[in-house]
Amino acid sequence: MFELLWLIPALPFAGFLFLVLAGGLPRSAVAAIGCASVGLSASIALLICHQFLSSPPPGDFYTQTLWTWIETANFAPGIAFHLDALSLVMILVITGVGFLIHLYSAEYMEGDEGYQRFFAYLNLFVGCMLVLVLADNFVLLLLGWEGVGLCSYLLIGFWYRDPENGRAARKAFVVTRIGDTALLIGLFLLFAELGTLHIQDVLGRAGENWEPGSGIALAAALLILGGALGKSAQLPLQTWLPDAMAGPTPVSALIHAATMVTAGVYLIARTNVLFELAPAAMLTVAIIGTATLLTAGLSALAQSDIKRVLAYSTISQLGYMFLALGVGAWSAAMFHLMTHALFKALLFLAAGALILSLHHEQNMFRMGGLRKKLPVVFWTFLIGAVSLAALPLVGSGFYSKEKILWDVWISPHGGPAFWTAALLGAVITSLYTFRMVFLTFFGSAKTEVYVRPGARITTVLLILAVLSTFGGGVELPHTFGHVTFFSNFLQTAVDTEVTLPPGLDAVLWALLGIASVLVVLGAMAAWFCYVKRPELSRRIAESSPGAKVRAFLLAGWGFDRIYDHLIVNPFTFAARINRADIVDYVYAITAGTARALHVLLSETQTGRLRLYAVVLTAGTLVLLIIAFSS
Amino acid sequence: MILLLLIAIPIIGGLAAWTAARWSPTAPRWIALGATAIPLVLALSLWGQGSASGGQWIATFDVPWIPAAGIDFHLAIDGLSLLLVLLTYLLGVLSVAVSWNSNENRPGFFFFNLLLILGGTTGVFIALDLFLFFFFWELMVLPMYFLIGIWGHENRNYAAIKFFLFTQASGLLLLIAILGLHFAHFAETGIHTFRYEDLLGTSFPPSLGMGLMLGFFIAFAVKLPAFPFHTWLADAHTEAPTAGSVILAGLLLKTGGYGLLRFVVPIFPEASAVFAPVAMTLGAIGILYGAKLAFAQSDLKRLVAYTSVSHMGFVLIGVFAWNTWAIQGVIVQMIAHGLSTGALFIIAGGIQDRLHTRDMNRMGGFWPHAPRMAALALFFAMASLGLPGLGNFVGEFLVLIGTFQKSIAVAVFATVGIVGATVYSLWIIQRVFHGEAGEATRIADLSVRETVVLSVLVVGLLGLGLYPRSVLQMSEPVASVLQAGAPSEPGVPGEARSDFRFHTFSPTAVHLQHSPPDVPVSIHAEKPVAAGFSASFSSAESDSTVTSGPQSKTHVPFIFP
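Chains A and B are the protein sequences, given in the same order. 292 is the number of the first residue of the first sequence in our numbering; add one for each residue after it. 906 is the number of the first residue of the second sequence in our numbering; add one for each residue after it.
Chain A extracted, bound-state conformation (with noise of 0.2 angstroms):
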């Protein structure tokens, strides 16, 4: 069965393949095409899954070599694969969510005049997702990182008419194109030092070879984190994020929350080892972490396009799994990251749905009062909300969520500091979330439903939401419940774990209450700001600081002003004075002097013989008084 794995990535490249070299084909076979790849290898991933939980490969992983790729003087990447527990998890993240959102677009995307060219851009993004996760070497990964950032610059820019969405794509792909510099120098790095870029072979012998704490380690640490800060839209890479809602919505929904953005995470949970070889890097994620799941959580409740609130809310959630990368609490982040796949892409294609039924309305003050026409969305949305703040025990983002919490509290690389911030966080959540809900779905109604969600996007939408339900119930908490069975699981791949100091019952217990409570609290906030006495919300919006405030947040802290100022504008500057390139004028310059020789001595070709006469007796007068003088 395992022997099978090649086809997880191969049949979405296939279809890729299928759908550039076909040309017009007929919808209904563009949309089985796309579906069909994504989904067949879905159910191999199951298979695989299935057989990897009932009979484990020895060694807890299975590698598959389909060619060496790059192979000269000891450098031999392969084509290769690498199925541990923590591809696992992704593959069927991947799959899944991925197959879901093919055939929710396949009714979304019905009528737009691009249909085949964005189910081949969609299948292509899934076989290069599927390369990064299941690669067993950072060339190859790279291969799939590089290729994921190229579907998402083409899907963000898919209505390229527009130039706006062209330059949001292009933002998207330069600002991570950043960070993975800084993985590229970290890989060449890893290289010189390990001589290998094998990622098993790495952290072995990295373990061997470098001191805790050594420099070399902080150093590679670091520089893999600023790729991961660019994938994952981490400070102070995060200004792409937002304006890349200008792609189609299951785009943000599959590639900027549920699959792509995580690249970052995976990276980081799948080179632990160097991370636990420098404390600092580890602290560094931590609090970039923090600092980002805070701002970008303000951010959300600024905003009025629900996409945008959406997406800052990603950048935050995002947020919460690198705090909990940087406490070492690996299983609990991509716990979270499997949780926040599953609602986000719910929250996405709700709100897909509802943005369809308002002939492309996505701004939150135009619409309301939305519960009764359209049930089904509001349910299937409230569910997402539910998760994603958190509330207490419905909805899987609370287990994910406390896990993060309470990991982050015992870690010996976390404390109460960073507990503190993360329950901050928590409350902005919960107050966002709702606003989100009461805005959209309550009041008054604003705009008219024209459309309503077909057979295919209601079942997507009502399959997301059963497994953002019950998604959780992989991981129950140790002190009801007790189901270890995905931290178990994902620890036959990742080393190390925080452990739970005995007799902290009583602590943990105060803690989930603090924590619910307070959630609950942010929503019933959000309540009586936004429907009780909405006009108090609307005063504090309008009054003069509070307006500030609110411009400020909703320009994402005027991180885009800085980098305008200080990167953009120099480098077109710098562009656009130099554009006849200035080192021509040294040649033009000498090419000028030449010709200007050219003229006087030809200025002296005058054709009368008395001149030449003259010149001659004066230029043998002087010749003979040298001659005589010395």
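What the hints contain is simulated information worked out from the structure, not anything from laboratory work. You may find that some hints are simply not true.
[To be verified] Listed next, the stretches of chain B that the computed footprint assigns to chain A, with coverage defined by at least 3 CB atoms under 8 angstroms from CB atoms of chain A:
id, region
1, 1196-1208
2, 1287-1294
3, 1309-1320
4, 1327-1338
[What the hints assert, rightly or not] If you want the ones that stay clear, here's a sample from chain A, every Cβ over 12 angstroms from chain B, calculated:
id, residue
5, Phe309
6, Ala473
7, Pro570
8, Trp670
9, Leu753
10, Thr775
11, Asp796
12, Ser835
13, Pro836
[Unchecked claim] Using C-beta positions, here's what the derived DEER-type ranges look like:
id, chain 1, residue 1, chain 2, residue 2, range
14, B, Trp952, A, Phe761, 53 to 61 angstroms
15, A, Glu455, B, Arg1347, 18 to 26 angstroms
16, A, Val757, B, Trp952, 52 to 60 angstroms
Think of the CB as a built atom: it goes at the ideal place given N, C-alpha and C, for glycine as much as any other residue.
Let chain A serve as the given structure and place chain B on it in line with the hints.
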């Protein structure tokens, strides 16, 4: 014999095409197609033999030419030369296909010039006598001058003369350097010779070595082109007809890279080692500066032209990093750049044929009208920005991995250049294919002929990107022999020399040619040589002491800055 044919067929074909034009206007292009396709097949037939015979040289051709001056008509082909000759004729066939209909104006003379350039380029890649090398080097220039000057665009005269002056000035330097090398060798041994293998072991006083090395270096750096000698390139590329741009970017630039690999570092190891920091700095500047200039252009061909400056910067730093990864990367990068930039010029030329403009301000929104062109342009733009899975990535990655071991700073700056490549590549797509339809609203999509031509290049880049092994295996022995710095006589197996692949440029390596063939070469390698090349560079770059590759160890001492 086959080597002679590789050069003779295009030259004879060129003369035939010129003559045949009197009788039929369509005959020249068929002759040209034959005169490029046959050598391509001949060169391919050498491929299989490469791995069979163990030595460096797959085939040789050696007859005396001017014995009194020690000049021989000496041709030899090894993996490096073979790859570049294959590239030459592949792009040759495609250039003929691209100019199939576009030259009503004196087609015979056009194809004569085209074929003469191909013959000259091939000669450059396989000549092993430096005098003969110089002869072919000059043979490439004049027909290219005509190609630009007669069939070029608006500003063709300026561009053609600029091209001619730059290459002639650098050619003069090359000639002086070759003669200097010849006499230095004569002074040392009393033998008049221009033979590459004989000249390899010449030793010089440091200042003379540096002077001669600079002569070679500047000549090749102008062709490459390296910053600050790059300014001829933008004009020449922009004004040349499509086939001319393809050959300029795809082949003529490669002769510069080839010269650096084959002559500069192997003949002048000590001087090159001293000069390496300067050369690598110039390479890094070229990468960044070229990318910035490319981004600033609104003329599509000019933009693509400047990307060559950026990409060839990788060749320059790779050559002077001089370890197996970097050399292999340089070779892959040269081939991949030939394919990807050639393709971009074909697309730019196709747009110009349709719209009669290269100004991107008048383009935009072509995607719906020309989806095939747009998709292919996107593919080649991605190759240009170094997307993994396509050829350029393999080249750049290997160069950077090799460079990092020599100089962290240069590798870091060069890596930043990849962001620059992203910016300009995406800019092409945005300005030409995305956005609202511009002034020129309708544009015809690629014809079948154009699609076939570009598809060949797509396959080439994908093959190079996903299965570069066949190319790397072809060039790996060459990479070792070049680094050994010692000559391997044609026909003498050179496999023993792979032992000291990383102990490059030890002064003792020069003595190898005097040692009896049965003495194990590794004895020399084990000497505690101050690893000439690497050591002297590291001392210049005090922050890094990484001197040898990971092959000889599992852990390299690393002093972190």
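Comparing the hints with the structure gives:
1. 1196-1208: n = 5 at 8 angstroms, threshold three: holds.
2. 1287-1294: holds (count 4)
3. 1309-1320: Since three or more residues must qualify, the claim that chain A covers the region 1309-1320 of chain B holds, with 5 doing so at under 8 angstroms.
4. 1327-1338: holds (count 6)
5. Phe309: Consistent with the label, Phe309/A stays out of reach of chain B, its closest Cβ about 14 angstroms off (over 12 angstroms).
6. Ala473: 9 angstroms, violated
7. Pro570: At roughly 17 angstroms from the nearest Cβ of chain B, Pro570/A sits farther out than 12 angstroms, so the non-interface label holds.
8. Trp670: Non-interface label stands for Trp670/A: nearest chain B Cβ at 39 angstroms, farther than 12 angstroms.
9. Leu753: 37 angstroms, holds
10. Thr775: 38 angstroms, holds
11. Asp796: 45 angstroms, holds
12. Ser835: Fine: 40 angstroms to the nearest Cβ keeps Ser835/A off the interface.
13. Pro836: At roughly 39 angstroms from the nearest Cβ of chain B, Pro836/A sits farther out than 12 angstroms, so the non-interface label holds.
14. Trp952/B to Phe761/A: 53 to 61 angstroms: Since the Cβ atoms of Trp952/B and Phe761/A sit about 60 angstroms apart, the hinted range of 53 to 61 angstroms holds.
15. Glu455/A to Arg1347/B: 18 to 26 angstroms: 24 angstroms, holds
16. Val757/A to Trp952/B: 52 to 60 angstroms: 59 angstroms, holds
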